[in-house]
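If you're matching them up, the sequences are chains A and B in order.
All letters in the first sequence, in the order written, are residues 1 to 678 by the working numbering.
All letters in the second sequence, in the order written, are residues 1001 to 1341 by the working numbering.
For the record, the hints were derived by calculation from the structure and aren't laboratory data.
Keep in mind it's a predicted model, so treat the numbers as computed, not measured.
Certain hints may be false.
Beyond 12 Å from chain A on every Cβ pair, some chain B residues (computed) [unchecked claim]:
1. Gly-1023
2. Leu-1039
3. Gln-1066
4. Val-1109
5. Arg-1130
6. Thr-1145
7. Pro-1268
Computed, partial: chain B to chain A, Cβ under 7 Å [claimed, not checked]:
8. Val-1027
9. Thr-1072
10. Trp-1171
11. Leu-1172
12. Arg-1194
13. Phe-1207
14. Phe-1208
15. Gly-1247
Residues on chain A that point at chain B, a partial pick, calculated with CB under 8 Å [what the hints assert, rightly or not]:
16. Thr-134
17. Trp-359
18. Gln-523
19. Thr-642
20. Thr-657
21. Leu-664
Glycine included, C-beta positions come from ideal geometry on N, C-alpha and C.
Here's the letter readout for the chains.
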Amino acid sequence: MLPRAAAVFLLLAIGNASPQRPAPAVAPAGPVASLPTPAAPLSSRNASYRISARLDPDARTITGDEVITWRNVSAAPATTLQFHLYYNAWRNTRSSWMRERLLSGNTALASRPAEDWGWIDLTSMRVNRAGTGTDVFSRLRFIAPDDGNIEDRTVVEAPLEVPVQPGETIEIQVAWTSRVPRTFARTGAVGDFYFIAQWFPKIGVLQDTGWNCHQFHSATEFFSDFGTYEVSLDVPEGWTVGATGREVARRAHVTGRATHRYYQDDVHDFAWTTSPDYIEQRAKFEHPSLPPVDIRLLLQPEHEAQAERHFEATRAALRSYGEWYGPYPYGHITVIDPAWQSGAGGMEYPTLFTAGTRWIAPPGAAQPESVTVHEAGHQFWYGIVATNEFEDAWLDEGLNTYSTARVMEQAFYPHFYAKRYFGDFVPWVFKDLPLTRAADGNRMPAFRAVAKNDDQSTPTWRYWPASASAITYNKTALWLHTLERMLGWETVQRILSTYYSRYAFKHPRPADFFTVANEISGQDLTWFFDQVHRSSNVFDYSVDVFRSEPVIARGIFGDSGTHNYEAARSTPATFHTIAVVRRLGEGIFPVDVRVRFETGEEQRWRWDGRDRWKAFEADGPSRAVSVEVDPDRVLVLDVDTTNNSASLRPQGRAAATKWSLAWLIWLQDHLLTYGFFV
Amino acid sequence: MSVASAFRDGMRRVHGAPMLLAGMCLVTLLVALPLSVALRGLLAAQFARSLVAQTAAAGVDYQWWQEFLGQTAGLGATFTPSIIGFGAVLDNLDALLDNRPMAGTIAGVTVAWLVLWAFLSGGVIDRLARNRRTRAHGFFAAAGTHFWRFLRLGVFVGLVYYVLFSTVHEWLFADVYPVLVRDLTSERVAFLIRLAGYVVFGAVLMFFNVVFDYARIRIVVEDRRSALGAISAGARFVRGHSSLVIGLYMVNGLAFMTLLALYALLSPGAPDSGIGLWSVLLLGQAYIVGRHYLKLVFYASQTALFQSELAHASYTAGPAVEWPESPAAESITNAGSSVVF
């Protein structure tokens, strides 16, 4: 259950969008004073933005200007300012983002036509402090703090003549023009559909050790400080706009355009979308002990019949995450159903996320439910507990994948394996193949293939690009599920809720999570985190030898003076059972070994799992029938569970016969299908 | 002869040749069986003595299945969940329509089956054209007589289909389709465009398919030696009787779609154990028999249509092939009556 103290704290501290406060009505735009009065801050609010942007759909450009109000919250003076210019990742194939994509074998993006590329160019930058402004535009220089790639333009630095002292606040005025690409990394446009994210010059995070302002990498996402966002978006009139925060004003112009103003406190990013095609629907999330949430859904017309599925999945996430970890404090959330082939689906932004579904989405196939739950869940792990996704992406993606699988199991079970045919359009749901949380929810198959590619503790931006997601999402979900089976859900739930309440609106690091886990579990779990986080060890326990036979001894029997040789001496009704289990992987984990006997009795041993093998022997009146290592499947990380057991009445041949006969029908049908040619 | 009459006549001819149906089913089974046995070996090795085999024997263990797929390649990689029930049909149709590459072992057995079928189809068409029993020796003699003609025809046919898939299919689905859907934001519209692509490509395939079908029929019925001449004759027949030919093709296609729909409705999915297992396997085999039946009806109805347009219905130019006597009997005959034994 929700920790009461955390809930009360968060509810009391809810910002301007609190459900206790009436939502600002959409009205003609007025001065900033008409905006909601800022409530007590939930976050440091040290990087706030006032942005005005104009979208030109014909040229696919955005022209914008912004004022960043930035406070140095570090202990050291800032001698420079660093900014992300994410859109430059798609300027050309020499950016670090594109090079990493090419490294992972994805060459399709690099061969796009001219109109698909994007860029962002700064046109001015001034720093205002104590009533004086300094033009720093001429001193800007691109830097590549991660890989030294001088052709990468995703980070720009402005040297300051006078350092910004700890606690000092400055204003930075920036103007820019950008070209909206055809979607890369879930931001861009296709047709009249625009999803605009990571689109404005964004200041990095200054820490005591210096700037944390990574280049844009193909396998990582983002990191930034909390603040207040006031954003005016100028788009063609009649186009629906969805964005982070609430719309506080809308004004139509005689030019056939309209300006939409959005406002949100205590968030660390701002994304928006616009399209003339959206259908808008609204619903509400209500719960006896959680704050209500207004849900706004912007839906593609061809998905209109799936509106309730989106709402239900969003409610399931808000309910489960709210009950398990803590309340969702913003009072509103916007769900975006992206256009087909927009590439914008399945991405999270504060108070807004993109889901993703298909025109034909049969029930039971978990689409759009799974992605909706996952992205709604990111409001908690990423939106509120704002970890550094460049370095520790597993902390939000992994926790969220684990949580998503739990929600799916509870709210949408069963759901089934589905495959699409004929150009990936026509789905077929295999009702015989229910998806399990342990394997499918945690995404074991994808992890299994790349399990050794990286230590999870390696900074995420340095992961091998092609397998980064499996190490980030899948591995974390698998080890958290293992932890749940090891410590019990109640303990893991308390770990996560404590971590949530302690680090809401902060930037925790892995050590913070581990500290909470040790503290709440009352155990030193370092050995576990060493295995699963600080190494690339793979877990694989197996049964090797397994016999259970009547006890027949041979040799010399009797005392001194009566030594008799016996070729076969049997002990009546006694069976000797031996099971040798092996550790095939490098990972070490304590496991149970269970032997079952013909009488239905069973015997268990506990093995610390350290040696490469261990023999377990038992003498008893009954013959053994089976042995299993880790019979309760505590070690969800075990990459091969088929070898975890052995039976003295094996049915492998029967199963193989059955499935080869089923496959035979497929092959006969295949031959007859190609028989079309004769 | 009307389309309906030709189709009914075709069905009657196939009904009159039950051994033909049984034999063709047996051929397909025998070609497929060795790979099935090989796969069984792979699966049995993976299961070994594991308790997982019990759940896999009693039903489906999807987790095991994923582990198996994670450790296998080649033939084993074709053992995907798509083999279950109607998924198998979708998977194979999808592979054909989207020109998906197939595993080497599967490609090998497919080519072997096509060559074998090409050999046997001479006997099949001969039997269906004569519409009377020819017995095994007559069947195989006809198959042998026409095999080299069919092989020559097959080389040409293979070349045409290769060109169609490597150029027309490639052009439609790798060049035109992406351009047409590039800026679409509606999946429904994109699907309709793809569907239109399938129709266009299907029409092209159908045209060549039907010409080659009548070429085969004319080789057998008119005892033609030239494969190219037969193609030309087949094309002439199609052009001269286009509405009947297309109508009959459509009726046969409809029968095929009906069979698929029935299997989709009745297919119980994954086999469990005991009676459930055998009912799934038997239903699957019944579907396979149904497909063989429809393939023979296709041949038979087209043959009936062609023969109905000849001056003498049911005419076959080639004489029934006599099984050669044994060398001993021939020697006796040659020796004449003067020889005393």
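Exercise. Would the stated hint for Leu-1172 of chain B survive a check requiring a Cβ distance to chain A of less than 7 Å?
Worked result: Since chain A brings no Cβ nearer than about 11 Å to Leu-1172 of chain B, farther than 7 Å, the hint is violated.
Exercise. In terms of Cβ atoms, is chain A entirely out of 12 Å range of Thr-1145 of chain B?
Worked result: holds, 17 Å
Problem set entry | When the least beta-carbon distance from Phe-1207 of chain B to chain A is tested against 7 Å, hint result | violated, 13 Å
For this session: Run the C-beta distances from Val-1109 of chain B to all of chain A and say if the shortest one exceeds 12 Å.
Result: Non-interface label on Val-1109 of chain B violated, nearest chain A Cβ at 8 Å vs cutoff 12 Å.
For this session: Please verify that hint: Trp-359 of chain A, Cβ, nearest Cβ of chain B, below 8 Å or not.
Result: holds, 4 Å
Exercise. For Leu-1039 of chain B, is the shortest beta carbon distance to chain A beyond 12 Å?
Worked result: Non-interface label on Leu-1039 of chain B violated, nearest chain A Cβ at 5 Å vs cutoff 12 Å.
For this session: Under 8 Å, Cβ to Cβ, is where Thr-657 of chain A needs to be relative to chain B, so tell me if that hint holds or is violated.
Result: Check passed: Cβ of Thr-657 of chain A comes within 6 Å of chain B, closer than 8 Å.
Exercise. Once the closest CB in chain A is found, is it more than 12 Å from Arg-1130 of chain B?
Worked result: holds, 20 Å
Exercise. Does Trp-1171 of chain B meet its interface restraint, that is, does its C-beta lie within less than 7 Å of any C-beta in chain A?
Worked result: At 15 Å from the nearest chain A Cβ, Trp-1171 of chain B fails the 7 Å test, so the hint is violated.
Problem set entry | Minimum beta-carbon distance criterion (7 Å), Val-1027 of chain B to chain A | Where the cut-off is 7 Å and the nearest Cβ of chain A is about 10 Å from Val-1027 of chain B, the hint is violated.
Exercise. Should the hint that Phe-1208 of chain B touches chain A count as held when the rule is a Cβ pair under 7 Å?
Worked result: violated, 10 Å
For this session: Take a quick look at Gln-1066 of chain B and tell me if its Cβ sits farther than 12 Å from every Cβ on chain A, holds or violated.
Result: Per Cβ check, Gln-1066 of chain B is inside 12 Å of chain A; nearest 5 Å; violated.
Going down the numbered hints, you'll see the structure goes against 2, 3, 4, 7, 8, 9, 10, 11, 13, 14, 15, 16 and 18, while the others check out.
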